[in-house]
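When you get a sec, could you build the whole thing from the sequences and use the hints?
Top to bottom, those sequences are chains P and G. The numbering of the first sequence is this note's numbering, which starts it at -8 and goes up by one. The numbering of the second sequence is this note's numbering, which starts it at 5 and goes up by one.
Simulated from the structure, these hints should not be mistaken for lab results. None of these values were measured; they are calculated from a predicted model. A hint or two may mislead.
Unchecked claim - A short, non-exhaustive set of chain G residues, derived as facing chain P with CB atoms under 10 Å: (1) Leu171; (2) Arg236; (3) Phe247; (4) Ala248.
Don't be surprised by glycine CBs; every beta carbon is placed ideally from N, CA and C.
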Amino acid sequence: MAKFLVVDDSLTMRRIVVNALKTQGFDDVIEACDGKDAVAKILSEGAQFVITDWNMPEMNGLELAKWLRSSPQYENIPVLMITTRGNKDDVIEAMKARVNNYIVKPFTPQGLKEKIEQVLKTVELKSA
Amino acid sequence: MDNSLIQSTQSPVVQFPNDTAQGAFKDFIHLLHEIVPLLENVRSSIEESSNRIPKASMQLSKVNQETENATVEILNVLEAMTARISSAEAQLHRLKDIIQNSKNSAKRIAESLLASTSEAGAYSSTELTALVVNEFISGIDSSEAIPSIEEVLRKTKEDSMNIAMALQVQDIASQQIASVAHTIESVESQLVRALNRFENGDTSDIANDNADEPAPEPAFDVEARYTRSEERQDIADEIVKQFATNK
Chain P
-8 MAKFLVVDDS LTMRRIVVNA LKTQGFDDVI EACDGKDAVA KILSEGAQFV
42 ITDWNMPEMN GLELAKWLRS SPQYENIPVL MITTRGNKDD VIEAMKARVN
92 NYIVKPFTPQ GLKEKIEQVL KTVELKSA
Chain G
5 MDNSLIQSTQ SPVVQFPNDT AQGAFKDFIH LLHEIVPLLE NVRSSIEESS
55 NRIPKASMQL SKVNQETENA TVEILNVLEA MTARISSAEA QLHRLKDIIQ
105 NSKNSAKRIA ESLLASTSEA GAYSSTELTA LVVNEFISGI DSSEAIPSIE
155 EVLRKTKEDS MNIAMALQVQ DIASQQIASV AHTIESVESQ LVRALNRFEN
205 GDTSDIANDN ADEPAPEPAF DVEARYTRSE ERQDIADEIV KQFATNK
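Dropping the structure here:
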């Protein structure tokens, strides 16, 4: 079972995402309050799946995705962005930064599950 | 208008070519007399506003903090509630197993009792016991109580999850509040600059007013909104699909 890292500066959102993950059987979850904290957690605790917000202080979600993709060790970690930013240009920018999938807040547990499954399926296909 | 301003007692300060010019000058002095207090009013209004703004900004930040605290409290209650529902579901499941086991045992007893009766005609006490046991079993069979309790628990759990999901509104509202606070702070810095110009005559920063410096990206989304419409998600899905196809 993959270890999830949930990155959001809102404590409320972290709790909601973590609960939604646990309801769906993803029990191994750690949290970070921004991109910088996420990098520290990845380096110290490791993670196999990153779910991140976009707008955050210190280091935002897009910068985090770019950091991951530029790191040979972590470039293949799946990244799912969950954000309020729903404009077409935002989604394109995120996809160019090579995030694996994109959810516009507010999300539903079912929507989250679907996107995680889609990402995992793509990653499995790639590694097969 | 006091003529002493334009006509000194010792010698005329200004010589006017004609009455029209002198009238215009008088009007100008009159205007200055009116403008100076107005400017003083503007200066004190700016000072008052710039003093109030940090307080407004702090209040908004406090609102955000308090709503987040309240939301976390609600989430705590919901999580405890969900845990209790899960525990009740587990107990109910166990109860179902106990009933099923009892039913199976009772059925076996009834069958063995009936098999042991040989006489036809009047019911023997053994046959009556078997009938009572059968009646008990069919009573359990017809009971819809357990499935209905299970359904209530399932729906309650689903409702508590929906309440938790609706609390995403706190994050979205806090981004909107942060955006307003940011705007207020920008106005504050403009007012402080204006005040400096009034008080010190320092206009050196005017040139930088419209400087084309890229502002750092804020930690909030100005356009954050809470909507159940799937339109934006559909657009995102379409773009994600296109990127996946083009890979």
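**Study point:** Interface hint status, G:Ala248 versus chain P (Cβ within 10 Å)
**Key:** 7 Å, holds
Point to revise | Evaluation of the interface hint that places G:Leu171 against chain P, nearest CB under 10 Å | key: Since the shortest Cβ distance to chain P is 6 Å, the answer is holds.
Exercise for review: Verify the interface restraint on G:Phe247: the C-beta must sit less than 10 Å from at least one C-beta of chain P.
Suggested key: For G:Phe247, the interface hint holds, since the closest Cβ of chain P sits about 4 Å away, which is under 10 Å.
Review point. Taking the least C-beta to C-beta distance, is G:Arg236 closer than 10 Å to chain P?
Key: 3 Å, holds
Comparing the model with each numbered hint stated earlier shows that all of them hold.
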